[in-house]
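K.L.:
Generate coordinates for the entire structure from the input sequences, incorporating the hints supplied.
For the protein sequence lines, the chains are A and B, in the order given. Just so we're aligned: 46 in our numbering is position 46 of the first sequence, and the numbers increase by one with no gaps anywhere. Just so we're aligned: 2 in our numbering is position 2 of the second sequence, and the numbers increase by one with no gaps anywhere.
Simulated from the structure, these hints should not be mistaken for laboratory data. Just so you know, not all the hints are guaranteed correct.
It does not matter which identical chain is meant; a pair holds if it fits inside one copy or across any two.
[Unchecked claim] Cut-off 20 Å, straight-line C-alpha distance, at most; resulting in silico cross-link-like pairs (EDC-like, lysine to aspartate or glutamate):
1. K127 x D87
2. K78 x E134
3. K3 x E74
4. K127 x D86
Number of protein chains: 2
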Amino acid sequence: MRKNFKLVIRYDGSRYHGWEKKRNLDTIQGKIETVLTRMDGEEVHLIGAGRTDAGVHARAMTANVHLQTFFSTEKIKKYMNTYLPDDIAIVEVKEVSERFHARYHAVGKTYRYTFYDGEDKPVFDRKYVTVTAESPDIDKMREAASLLEGRHDFKSFCGNPKMKKSTVRTVDSIRISRQGDRIHMDFHGDGFLQHMVRILAGTLLEVGVGRRRPEEMPEILAACDRKKAGPTAPPGGLCLMEVEYH
Amino acid sequence: MRKNFKLVIRYDGSRYHGWEKKRNLDTIQGKIETVLTRMDGEEVHLIGAGRTDAGVHARAMTANVHLQTFFSTEKIKKYMNTYLPDDIAIVEVKEVSERFHARYHAVGKTYRYTFYDGEDKPVFDRKYVTVTAESPDIDKMREAASLLEGRHDFKSFCGNPKMKKSTVRTVDSIRISRQGDRIHMDFHGDGFLQHMVRILAGTLLEVGVGRRRPEEMPEILAACDRKKAGPTAPPGGLCLMEVEYH
Numbered sequence: 001m002r003k004n005f006k007l008v009i010r011y012d013g014s015r016y017h018g019w020e021k022k023r024n025l026d027t028i029q030g031k032i033e034t035v036l037t038r039m040d041g042e043e044v045h046l047i048g049a050g051r052t053d054a055g056v057h058a059r060a061m062t063a064n065v066h067l068q069t070f071f072s073t074e075k076i077k078k079y080m081n082t083y084l085p086d087d088i089a090i091v092e093v094k095e096v097s098e099r100f101h102a103r104y105h106a107v108g109k110t111y112r113y114t115f116y117d118g119e120d121k122p123v124f125d126r127k128y129v130t131v132t133a134e135s136p137d138i139d140k141m142r143e144a145a146s147l148l149e150g151r152h153d154f155k156s157f158c159g160n161p162k163m164k165k166s167t168v169r170t171v172d173s174i175r176i177s178r179q180g181d182r183i184h185m186d187f188h189g190d191g192f193l194q195h196m197v198r199i200l201a202g203t204l205l206e207v208g209v210g211r212r213r214p215e216e217m218p219e220i221l222a223a224c225d226r227k228k229a230g231p232t233a234p235p236g237g238l239c240l241m242e243v244e245y246h
Numbered sequence: 001m002r003k004n005f006k007l008v009i010r011y012d013g014s015r016y017h018g019w020e021k022k023r024n025l026d027t028i029q030g031k032i033e034t035v036l037t038r039m040d041g042e043e044v045h046l047i048g049a050g051r052t053d054a055g056v057h058a059r060a061m062t063a064n065v066h067l068q069t070f071f072s073t074e075k076i077k078k079y080m081n082t083y084l085p086d087d088i089a090i091v092e093v094k095e096v097s098e099r100f101h102a103r104y105h106a107v108g109k110t111y112r113y114t115f116y117d118g119e120d121k122p123v124f125d126r127k128y129v130t131v132t133a134e135s136p137d138i139d140k141m142r143e144a145a146s147l148l149e150g151r152h153d154f155k156s157f158c159g160n161p162k163m164k165k166s167t168v169r170t171v172d173s174i175r176i177s178r179q180g181d182r183i184h185m186d187f188h189g190d191g192f193l194q195h196m197v198r199i200l201a202g203t204l205l206e207v208g209v210g211r212r213r214p215e216e217m218p219e220i221l222a223a224c225d226r227k228k229a230g231p232t233a234p235p236g237g238l239c240l241m242e243v244e245y246h
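P.N.:
Here it is in structure tokens:
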């Protein structure tokens with residue numbers, strides 16, 4: 001009789017080919033499944049709340065997994081942290097109902113994109129920020145962000161040109177704040193399309209440096225055309241902060 | 001006519017074989033000299049305030065270098081930051097008197113050693129901390145630290161068994177503080193022997209976890225024998241914070 005466990009996972013995605021398991025490549029899902037399969041003695045399958053791209057980080061990705069183990073949650077956590085590499089940590093292990101599904105049951109996600117806008121190079125957290133070429137105007141970015149909030153067809157902000165399912169999503173808040181040399185963009189929504197947060201961040205930065213006007217945002221959304229939006233910001237500045245469940 | 005410049009340098013030492021230039025190996029001094037030699041057109045020699053071991057970091061290492069360049073200090077800084085890798089940053093470039101010598105004129109140094117004493121693995125700053133196996137008693141460590149402060153022969157804390165010069169140094173303060181999951185040890189003194197801060201940190205941690213008593217410190221100093229002190233703490237937890245000049 002297998003039990004269902006919810007995991008909260010933190011990782012530095014720098015040296016991984018993203019979350020999703022890929023043959024012969026290092027991925028977060030692959031690393032974790034390998035450790036759990038060794039622990040459980042049978043092949044296990046990890047269900048993540050979503051997929052992060054190569055180089056994207058997570059403070060609190062969630063996943064669930066069915067295990068036949070008799071280990072306590074504390075022991076599972078300890079085992080995993082011992083055998084996983086230093087750049088992947090299991091922050092929480094919790095037994096959940098048989099029916100809990102980390103992806104289907106997720107109701108909200110928070111992503112943070114961080115730009116570094118200081119004079120000196122960010123030596124110690126260079127893998128977690130994207131350096132700006134010029135200093136952006138935060139107020140302009142906020143103005144644009146407010147026009148992107150809400151329920152929209154985000155097709156213009158979708159990195160997958162072959163996306164066949166609905167590209168309508170609700171982004172209920174985009175908060176932009178400056179902390180010293182860092183500009184944080186916190187995106188909260190019910191779900192995000194491929195590269196969506198990075199394209200939003202790239203577009204908002206273009207507004208910040210005057211290459212676009214905030215008023216263009218509704219037109220970009222209405223166009224439903226990836227070419228109308230800005231560039232995909234680099235992966236290192238992105239971090240999945242939280243996944244919510246009812 | 002060459003001019004003398006003082007540099008303040010920040011680096012993540014993780015992937016370097018230390019500060020000092022070594023043939024065919026990546027070192028901080030080597031990287032910087034290569035860039036400056038290309039800029040200046042003639043071979044230049046960088047004089048560091050000291051040497052850091054492989055894997056040790058610096059927030060503000062200082063060095064001086066004689067250059068024939070006509071570039072402004074701002075332009076030198078910009079050139080260097082453009083051509084140096086992401087894990088080495090030039091924080092300041094300043095023209096100084098012909099006679100300024102980064103090593104001989106240094107009158108004080110501050111090093112910080114950081115232990116991580118939290119429950120979860122330190123995913124994002126794993127290269128800048130040393131994880132403790134058990135939680136130490138800070139008060140005991142402070143008691144021991146106070147017995148190590150002052151002018152002493154630190155031969156027991158010297159990693160170089162063939163050291164022929166004086167091993168007498170003045171460590172005027174060792175401050176130990178806890179910030180959340182981190183335990184910081186700040187060492188201030190007129191100079192430090194090879195591995196000295198790491199051996200002090202390793203010995204103080206042993207006191208913290210009850211493997212040694214604070215009262216043993218004077219005996220360890222008096223023995224002038226490396227074997228009497230504790231282990232050399234790993235390099236990643238160490239960072240050179242500041243070098244002082246009159």
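K.L.:
For each hint, tell me whether it holds in the structure or not.
P.N.:
A quick look at each hint next to the structure:
For a Cα distance limit of 20 Å, the shortest separation of K127 from D87 qualifies both inside one copy, at 12 Å, and across copies, at 10 Å. Proximity of K78 and E134 under a CA criterion of 20 Å is satisfied inter-copy only: 15 Å between copies versus 45 Å inside one chain copy. When the C-alpha separation of K3 and E74 is checked against a cutoff of 20 Å, the pair qualifies only within one copy, where the shortest distance is 15 Å, while the shortest distance between copies is 62 Å. For a Cα distance limit of 20 Å, the shortest separation of K127 from D86 qualifies both inside one copy, at 15 Å, and across copies, at 9 Å.
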